[in-house]
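Trainee: For reference, the chains in residue letters:
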Amino acid sequence: DAKTTQPTSMDCAEGRAANLPCNHSTISGNEYVYWYRQIHSQGPQYIIHGLKNNETNEMASLIITEDRKSSTLILPHATLRDTAVYYCIVRQKDGSEKLVFGKGTKLTVNP
Amino acid sequence: DTAVSQTPKYLVTQMGNDKSIKCEQNLGHDTMYWYKQDSKKFLKIMFSYNNKELIINETVPNRFSPKSPDKAHLNLHINSLELGDSAVYFCASSQALLAVLTGELFFGEGSRLTVL
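Quick note, the sequences are listed as chains A and B, same order.
Here the first sequence stands for residues 44 to 154, where the numbers follow my numbering.
Here the second sequence stands for residues 158 to 273, where the numbers follow my numbering.
It is worth saying that the hints were derived from the structure and are not from the lab.
Take these hints with a grain of salt, some might be off.
[Claimed, not checked] Listed next, the in silico BS3-like pairs over lysine-lysine satisfying Cα-Cα at most 25 Å (straight line):
#1 A:K149 - A:K112
#2 B:K166 - B:K228
#3 B:K198 - B:K176
#4 A:K149 - B:K201
#5 B:K209 - B:K228
#6 B:K209 - B:K166
#7 A:K146 - B:K201
#8 B:K201 - B:K176
#9 A:K146 - A:K112
#10 B:K166 - B:K198
#11 A:K46 - B:K198
#12 B:K193 - A:K146
#13 B:K179 - B:K224
#14 A:K149 - B:K197
#15 B:K198 - B:K228
#16 B:K197 - A:K46
#17 A:K146 - A:K95
#18 A:K146 - B:K198
#19 B:K209 - B:K176
#20 A:K46 - B:K193
#21 B:K166 - B:K179
#22 B:K176 - B:K224
#23 B:K201 - B:K166
#24 B:K193 - B:K209
#25 A:K146 - B:K166
#26 B:K228 - B:K201
#27 B:K179 - B:K201
#28 B:K201 - A:K46
#29 B:K197 - A:K146
#30 B:K197 - B:K228
#31 B:K228 - B:K179
#32 B:K166 - B:K224
#33 B:K193 - A:K149
#34 A:K46 - A:K146
#35 A:K149 - B:K198
Source: prediction; values computed, not measured.
So here's chain A without its partners, still in its complex pose (with noise of 0.2 Å):
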């Protein structure tokens, strides 16, 4: 099962920043934070991870609070687009090469 937690879903006007919660308490030292999302009738796109640190690209801001027990995804200016689910993933402890995917929270970008 996924050990994370995400609101089922969230509205975000357009042009403003969508900021994605995520609750990881369990959490271990060597484990890392994904994100993906999945536009509708499409496969689930990658869009950042980190594992301490704050992360930035070109799609996302990922900002993960210092005991690393929640992270929050940021959008900074959402466009209709962005309209998807959001996927916040640990990896798992016990060393599996898998990324499990929970519920995600349903992002709609509003004009």
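Given the coordinates of chain A, assemble chain B onto it according to the supplied hints.
Mentor: Structure of chain B alone, referenced to chain A:
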């Protein structure tokens, strides 16, 4: 060029039939995966191959048999199809095993299988 391509995109078939879904990646990746997304939208891993070697085999009925003729291809063959097999099947690839290189997965567009 599509990085991870799956065929067919849609497949409708009768219970009891045998069908295959093909996957190819042109990214030069070593590792390929099959994921299943059911009607409730849960995305679950089924298999993983690294350099043609089976690495992950989740609790999947043995009616499902992956085959990797080379590291650029991972096909999924399903025997004796059942109603519960109806789902979207996603192929994915990564540069290396995730434990070795915390890289990303590249997913295909999915193959929607409907069993009647």
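Trainee: Hints first: check each against the structure and report whether it holds.
Mentor: Each hint, compared with the structure:
no., hint, in the structure
1, A:K149 - A:K112, "21 Å, holds"
2, B:K166 - B:K228, "21 Å, holds"
3, B:K198 - B:K176, "22 Å, holds"
4, A:K149 - B:K201, "18 Å, holds"
5, B:K209 - B:K228, "5 Å, holds"
6, B:K209 - B:K166, "24 Å, holds"
7, A:K146 - B:K201, "11 Å, holds"
8, B:K201 - B:K176, "20 Å, holds"
9, A:K146 - A:K112, "19 Å, holds"
10, B:K166 - B:K198, "17 Å, holds"
11, A:K46 - B:K198, "17 Å, holds"
12, B:K193 - A:K146, "14 Å, holds"
13, B:K179 - B:K224, "9 Å, holds"
14, A:K149 - B:K197, "13 Å, holds"
15, B:K198 - B:K228, "28 Å, violated"
16, B:K197 - A:K46, "19 Å, holds"
17, A:K146 - A:K95, "24 Å, holds"
18, A:K146 - B:K198, "8 Å, holds"
19, B:K209 - B:K176, "21 Å, holds"
20, A:K46 - B:K193, "19 Å, holds"
21, B:K166 - B:K179, "10 Å, holds"
22, B:K176 - B:K224, "13 Å, holds"
23, B:K201 - B:K166, "19 Å, holds"
24, B:K193 - B:K209, "20 Å, holds"
25, A:K146 - B:K166, "24 Å, holds"
26, B:K228 - B:K201, "22 Å, holds"
27, B:K179 - B:K201, "18 Å, holds"
28, B:K201 - A:K46, "14 Å, holds"
29, B:K197 - A:K146, "9 Å, holds"
30, B:K197 - B:K228, "31 Å, violated"
31, B:K228 - B:K179, "13 Å, holds"
32, B:K166 - B:K224, "19 Å, holds"
33, B:K193 - A:K149, "19 Å, holds"
34, A:K46 - A:K146, "11 Å, holds"
35, A:K149 - B:K198, "12 Å, holds"
The structure is inconsistent with the numbered hints 15 and 30, although it conforms to all the rest.
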